[in-house]
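Visitor: The lines below spell out each chain.
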Amino acid sequence: MVRLGRRAAGMAVLAGMVLTCVAARAQDADLARRGAYLEQAADCEVCHTKPGGIPFAGGRAFDLPGIGTIYAPNITPDHETGIGRYTDAQFDAAVRRGVAPGWRHLYPVMPYASYARMTEGDVRAIRAYLMTLRPVHAPAPANQVRFPYNIRVAMIGWNLLYRPSGPLADDPGRSAAWNRGRYLVDAAGHCGECHSPRNMLQALSVTKSYAGAPIDGWLAYNISSDVDSGIGAWSDPQLAAYLSTGHADGRGTAVGPMAEVVSHSLRYLTPEDIAAMVTYLRSLPARRSDETVGVVSPETLAQAGPNHSNGGRLFAGACAGCHLTDGHGRQVDFAALWGARSLGEIDGRNLVRTMVEGVTLQSAHGAMIMPAFGPEYRNQDLADIANYAIGHFGNRVGHVTAEDVAAARATVPPS
Amino acid sequence: MLTLQVNGAAHQVDVPDDMPLLWVLRDVLGLPGTKFGCGIGECGACTVHVDGKAVRACSLPASLVGDRPVTTIEGLAEDEVATEVTKAWLDIDVVQCGYCQPGQIMAAIALLKSNLHPSDDEIDQAMSGNICRCGTYRRIRAAIRNVAGAV
Chain E
1 MVRLGRRAAG
11 MAVLAGMVLT
21 CVAARAQDAD
31 LARRGAYLEQ
41 AADCEVCHTK
51 PGGIPFAGGR
61 AFDLPGIGTI
71 YAPNITPDHE
81 TGIGRYTDAQ
91 FDAAVRRGVA
101 PGWRHLYPVM
111 PYASYARMTE
121 GDVRAIRAYL
131 MTLRPVHAPA
141 PANQVRFPYN
151 IRVAMIGWNL
161 LYRPSGPLAD
171 DPGRSAAWNR
181 GRYLVDAAGH
191 CGECHSPRNM
201 LQALSVTKSY
211 AGAPIDGWLA
221 YNISSDVDSG
231 IGAWSDPQLA
241 AYLSTGHADG
251 RGTAVGPMAE
261 VVSHSLRYLT
271 PEDIAAMVTY
281 LRSLPARRSD
291 ETVGVVSPET
301 LAQAGPNHSN
311 GGRLFAGACA
321 GCHLTDGHGR
331 QVDFAALWGA
341 RSLGEIDGRN
351 LVRTMVEGVT
361 LQSAHGAMIM
371 PAFGPEYRNQ
381 DLADIANYAI
391 GHFGNRVGHV
401 TAEDVAAARA
411 TVPPS
Chain U
1 MLTLQVNGAA
11 HQVDVPDDMP
21 LLWVLRDVLG
31 LPGTKFGCGI
41 GECGACTVHV
51 DGKAVRACSL
61 PASLVGDRPV
71 TTIEGLAEDE
81 VATEVTKAWL
91 DIDVVQCGYC
101 QPGQIMAAIA
111 LLKSNLHPSD
121 DEIDQAMSGN
131 ICRCGTYRRI
141 RAAIRNVAGA
151 V
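Taken in order, these protein sequences are the chains called E and U.
Per the numbering used here, the first sequence starts with residue 1, numbered consecutively.
Per the numbering used here, the second sequence starts with residue 1, numbered consecutively.
None of these hints come from the bench; they were simulated from the model.
Quick reminder that beta carbons are idealized off the backbone N, C-alpha and C, glycines included.
Fair warning: there could be bad hints in the mix.
To give an idea of the interface, some chain U residues facing chain E are shown, with a C-beta separation under 10 Å as derived from the structure [stated by the list, open to error]: (1) Asp14; (2) Asp17; (3) Pro20; (4) Asp27; (5) Ile40; (6) Gly44; (7) Ala54; (8) Ser59; (9) Leu60; (10) Ser119; (11) Gly129; (12) Ile131.
If you want the footprint, here are the derived chain U segments under chain E, 3+ residues with CB under 8 Å [claimed, not checked]: (13) 61–73; (14) 120–127.
Isolated chain U, as found in the complex (with noise of 0.2 Å):
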């Protein structure tokens, strides 16, 4: 029995030592706004906070959490970068299909929480794990930078 602290909360799963957080998130916990991608760390759809730092939640397995607080997507909505990175998005219409933005959306809070007014190249260097088939990479950049520009 493991016990998590997602979103605030304390939750008691009985889960596999192997299964991935992504997995208990979604499937155990019914917290569905975290994406599965790949599965294999290399798209970003799941991104999620550990202790403050965006880590993709498909390649880590829960048994290695241990009690560093988790946040989803689901978990933010009362924060302010979030409330603005939020308003950035749709100032811009930064989303085309969708699929990949709770995780784009996840480093880009990550990222500006360690840095408020991150250079086009620090963006470049902490949002270049998070794909995105529909291409909005422009768009992402400039709702980061006007983010960075409204707190």
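Next up, chain E with everything else stripped away, as it sits in the complex (with noise of 0.2 Å):
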């Protein structure tokens, strides 16, 4: 009887061990669950992947003008070159803080300035989602930075100086979804490394927040409120659609790093997600800048006749094949050009990395897919067809030369 009583209570103990073994692998999972679309509003992937390469075992490469070309490390958990020994705490102050293990300060081309507003148990979870990747063994080739921007812990004073303590507490004032969209747009989403200019000091600057910059030989666009030169004349179903898809009729399609992005990262936002970010976009201060947007309708386009110029010879052969002269995609919504950033800027900076660049967009039908120029086409018949293609749907003059296009050409990674 003892003996039962006693088998009895060791089964108990050992059915409860499993039971609290099995709630903690459950809870582990729901963690790494959680953290797998935290890293997907973060957007990881994208930076932390070279092109063509494993995803998050890193090595694409940033050139900084002037400071030299940084390296995105290998962010699985391999032993060795990943992750794999980081602590949370470790994780945290690399993600938050800019420093990794051994007070390696980084270099903030990794946005840890806008991940310090992310709370710990938002890093946490990433990091639990990190960790149930395949560890591939990745060295990250040595960063080639410049003096003195060599010297690591000067970062230290550009810390204090920039980087925030930590989250931002909820507006009291604002709604949930305003406040929302504030975390996924400022912190996780990260939105203004790119779209904010810099200051001489590489940070984002406060007065000019969401007006727009040149990365990487694109341009950023304004993503502030204002009417003329930012979002403030798109609806919000266009920016719902254009967040969630990558495009929006009349508003034309995400190209070049914008692309990456609704690729990796915003197109897997839940619509309450994507509806908090347009909360919060439209909330931003005007910023006026140079580049204003020129809208020409479809019914407009369809006016104008036949145009004998090169570039209007070769757009309606090379071009309209997809994209239609009246602006309307001919196959898919995707290659609906008109009301398109690109086609407003008369420099046709975007516009003629797209052409030489070619664009990948990720879509839930596939990829949407716009082939590159090759050498078929010589530079000054590109630069024709940029500037019909301003003239005839952003009605501007456009000043496309061929000069533009080699220094263009000469930045695209040979395939």
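Once you've looked at the hints, go ahead and assemble the two chains, each given alone in its own frame, into the complex.
Guide: What follows is the structure, encoded as structure tokens:
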């Protein structure tokens, strides 16, 4: 009897342990699942993957003019070359304070000044997710950073000046959606890292926040609420569609780095989170910038007769097959050009980059691809197409030259 | 499972969301009249009509077609404009090798249905995305003009 009782007690303890174990594992799985979503919102993958490389295994190069080249490290759980040995505290210090183990100060090309506003719990969840990935042995190439920027300790001073101390408390005067939107835009999504100009010390400008900035040869557009140069004239559905699919009728389609952001990050966010981002973006103070939006309606475009310029003829042959001259996409809405920002910029910076690089935008219906224009087109031909498109769709006089095209072509990695 | 309206009939097809319409037409529904050329919307050989408009079937995911009617060159036997276009093509022997011609003919029919008397400029604009390796462009333009006179 006693023996039986003991055995039963033993069984109960064992069952209890198993249950605790199962509960803990379920909790871990929940944390990792939450982390998977937050990783998408924070878009770690895009920067920590080199073109054509294994996701999260690092190696992507970031050229910082005047400073040098910095390589994104491997963030798979590999013990030697990844984050496998990081503790939660070490991971948090790297992501939110810019300090990797061994007091190695990171450069703000890693957007830790934005991530500093994420919560500790969210960053822990992201680590839990990353730890579920297959470890990949992939050392990042050594950074090539010029003096004095190679003195990592100098970042201590920068951090004192520009790194927020922690998450912002919710503003009780604003809606829950606005507060969530601010978290997604300012903290996790780190939108300002591309869309805000930087000051002389490479910190994000506060007075010109979200007024647009050049990045990596592209122009990240003004996304403040200014009506002429920002997104003040966009409707809520247009903003939501652009964020969640990369396209909004009358606003064009995301290309370049923004296509990557939509492909790997924004298209996975819930409709509620997208709506929250829209709510917050709407409230950004209006900042005027030089690039203004020129929208010509498809009805007006359809009235324009055939254009016999070199650019007009080449557009009809090489571009209209997908884009149509009235700006409606022929096959898919993603190819609808009318109202696209890039066609209102007279220097055609993003337009030319798009032509020489092509576009790949992932969607729920597979990859939407625009092929790049190869060497079969002369630099002057592409400049002529760009100037025709700027004139036709943007009602501006384009100033794109063959030299601009040559410069853009020089930046495209050979495929 | 997708339901596509092709040549007047509803077809249920079990295909991946990113499969282009062209693959569905040729390989799943067995309609090989529409040709594969470049696969990136640059040559026009795969032109079909979706809701009456000329589109490149190679660059349109089938899952984005929705309930818009699709017409291929096989589905135009009874169509008046198509019959006149066929006659006009035969009258002056437009075709050389013929590979691009289903696409050329579909583009020409879409143009003529929206504009029965197109100018040369309008013909060039509408047809410029359809490439012909044999260089039959002048005969294509002449045939389209002849249709405009015949209908």
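Visitor: Can we keep the Ile131 of chain U interface hint, with Cβ of chain E closer than 10 Å?
Guide: holds, 8 Å
Visitor: Would the stated hint for Ile40 of chain U survive a check requiring a Cβ distance to chain E of less than 10 Å?
Guide: holds, 5 Å
Visitor: Quick check on the hint: Asp27 of chain U CB to chain E CB, less than 10 Å?
Guide: Result: violated, 16 Å to nearest chain E Cβ.
Visitor: Should the interface hint for Ser59 of chain U be scored as holding, given a Cβ-Cβ cut-off of 10 Å against chain E?
Guide: holds, 5 Å
Visitor: A closest beta-carbon separation below 10 Å is what the hint needs, so does Pro20 of chain U meet it against chain E?
Guide: At about 8 Å, which falls below the 10 Å cut-off, the nearest Cβ of chain E leaves the hint on Pro20 of chain U intact, so it holds.
Visitor: Measuring from the C-beta of Asp17 of chain U to each C-beta in chain E, is the shortest one below 10 Å?
Guide: With Cβ-Cβ at 5 Å, under 10 Å, it holds.
Visitor: Given Leu60 of chain U as an interface hint, is its Cβ closer than 10 Å to any Cβ of chain E?
Guide: holds, 4 Å
Visitor: For the hint on Asp14 of chain U, does the least C-beta distance to chain E fall short of 10 Å?
Guide: violated, 16 Å
Visitor: Are Ser119 of chain U and chain E close enough, Cβ to Cβ, to be under 10 Å, as the hint says?
Guide: Since the shortest Cβ distance to chain E is 9 Å, the answer is holds.
Visitor: Quick check on the hint: Ala54 of chain U CB to chain E CB, less than 10 Å?
Guide: holds, 8 Å
Visitor: Verify the coverage statement for the stretch 120–127 of chain U against chain E, using a C-beta to C-beta distance below 8 Å and requiring 3 or more qualifying residues.
Guide: Check passed, 4 qualifying residues.
Visitor: Closer than 10 Å between Cβ atoms is the bar; does Gly44 of chain U clear it against chain E? Give me holds or violated.
Guide: holds, 6 Å
Of the hints listed earlier, those the structure fails to meet are numbers 1, 4, in rising order.
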